[in-house]
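Could you build the full structure based on these sequences and the hints that come with them?
Chains as they are written, first to last, in this note's numbering: chain B, 8 to 269; chain F, 4 to 93.
Hints may contain errors.
Here are the simulated DSSO-like cross-link-like pairs (lysine-lysine), alpha carbons at most 30 Å apart as the crow flies [unchecked claim]:
#1 K218/B x K183/B
#2 K5/F x K183/B
#3 K269/B x K228/B
#4 K259/B x K228/B
#5 K269/B x K187/B
#6 K187/B x K5/F
#7 K187/B x K57/F
#8 K5/F x K57/F
#9 K57/F x K183/B
#10 K218/B x K269/B
If you are wondering where the hints come from, they were derived from the structure by calculation, not from laboratory data.
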Amino acid sequence: MTFLEWFRADRLPHIYCTGCGNGTVINCTLSAVDELGWDPDRCVFISGIGCSSRAPGYIITDSLHTTHGRALAFATGVKMADPTLHVVVFTGDGDLAAIGGNHFIHACRRNIDLTVVCMNNQIYGMTGGQGSPTTPVGGISTTTPYGSAEPAFDLCALAVAAGANYVTRWTTYHVKELTKAVHAGLTHPGLSFIEVFVQCPTNYGRRNRFKQVSDQIEFLKTHSMIRQKAERIRGEGGQVKDGTIEIGEFVKRSRPAMGVVK
Amino acid sequence: MKLVIDEGRCKGCNLCTMVCPYRIFQPGTILNRRGIVVPVLDRPERCTNCRLQKLHGRTLCGMCQMICPDQAVRWDEERLFERHRMAIEF
Numbered sequence: 008m009t010f011l012e013w014f015r016a017d018r019l020p021h022i023y024c025t026g027c028g029n030g031t032v033i034n035c036t037l038s039a040v041d042e043l044g045w046d047p048d049r050c051v052f053i054s055g056i057g058c059s060s061r062a063p064g065y066i067i068t069d070s071l072h073t074t075h076g077r078a079l080a081f082a083t084g085v086k087m088a089d090p091t092l093h094v095v096v097f098t099g100d101g102d103l104a105a106i107g108g109n110h111f112i113h114a115c116r117r118n119i120d121l122t123v124v125c126m127n128n129q130i131y132g133m134t135g136g137q138g139s140p141t142t143p144v145g146g147i148s149t150t151t152p153y154g155s156a157e158p159a160f161d162l163c164a165l166a167v168a169a170g171a172n173y174v175t176r177w178t179t180y181h182v183k184e185l186t187k188a189v190h191a192g193l194t195h196p197g198l199s200f201i202e203v204f205v206q207c208p209t210n211y212g213r214r215n216r217f218k219q220v221s222d223q224i225e226f227l228k229t230h231s232m233i234r235q236k237a238e239r240i241r242g243e244g245g246q247v248k249d250g251t252i253e254i255g256e257f258v259k260r261s262r263p264a265m266g267v268v269k
Numbered sequence: 004m005k006l007v008i009d010e011g012r013c014k015g016c017n018l019c020t021m022v023c024p025y026r027i028f029q030p031g032t033i034l035n036r037r038g039i040v041v042p043v044l045d046r047p048e049r050c051t052n053c054r055l056q057k058l059h060g061r062t063l064c065g066m067c068q069m070i071c072p073d074q075a076v077r078w079d080e081e082r083l084f085e086r087h088r089m090a091i092e093f
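As structure tokens, then:
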């Protein structure tokens, strides 16, 4: 069985724009799930509202498409009702960081055995390109036409501080590493948070001087740096350039987790 | 095995042209029936996965398939006695 068999073939091609990275993230997640050989009847994919949250509709397993920002609350309920289920949450930055921020920190604090895949496209893509909490400083969107003035949310640091057991960040360029990270997250007990920087050519790329989809992937490739390397540079007294995306594993620990079958 | 781009799914983002280490995927020039410029395959028999997938029993490189946001790249089983092309590179 390959990951392509986890898709509902009759639903494809999906609704995402040309070059949208969400499809890549679904590929990587399903590939990791497929490697583990889980039974599709024992997996649940849960999502909120947004571009990213349309993902479970294309997957053969059971899914929940819930209210805006409350995907984690619903996922907690599913996991508590039947801890033997494998629960994966697909969520976006607007869903997780903006409206669902409190659900996120408390899910991290409770350390429920979920895997949260956050597709961070740095903008509200579905509603027309408004600035989101993760829009980088200077990023142009419809609500920040002169460039965003606010610092962006660092979701991984938030998850580490709130107490998630496994936190990692990758981009859509790093597909192999992302697959491995999702695999590790699915097998690690406790809340696993995987943040993925995703390109949004329609609403972010075209306003921020990325004419082609490949330009934005090239940006993700050249502006990302492994976290350990960034820390080494800082330790030696150097400076990491502003706007560098720090990728890699942030934390892997074993705090007591909720909903783990003994 | 042979490399196939599913024209019904491809949306023409050309991400595969960027990641393929052999540059098998090349940006296309012709609009298809759905109004999309699908990448063309330049000597797909060079693909390692086509040749060695069966031997190793796993997907070898697969970057194009993983990065394709539209799940349009796949490897199909060849028919019996299908004509083959050979590519020898120096």
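How the hints compare with the structure:
| no. | hint | verdict |
| --- | --- | --- |
| 1 | K218/B x K183/B | 26 Å, holds |
| 2 | K5/F x K183/B | 22 Å, holds |
| 3 | K269/B x K228/B | 41 Å, violated |
| 4 | K259/B x K228/B | 24 Å, holds |
| 5 | K269/B x K187/B | 25 Å, holds |
| 6 | K187/B x K5/F | 26 Å, holds |
| 7 | K187/B x K57/F | 23 Å, holds |
| 8 | K5/F x K57/F | 12 Å, holds |
| 9 | K57/F x K183/B | 21 Å, holds |
| 10 | K218/B x K269/B | 52 Å, violated |
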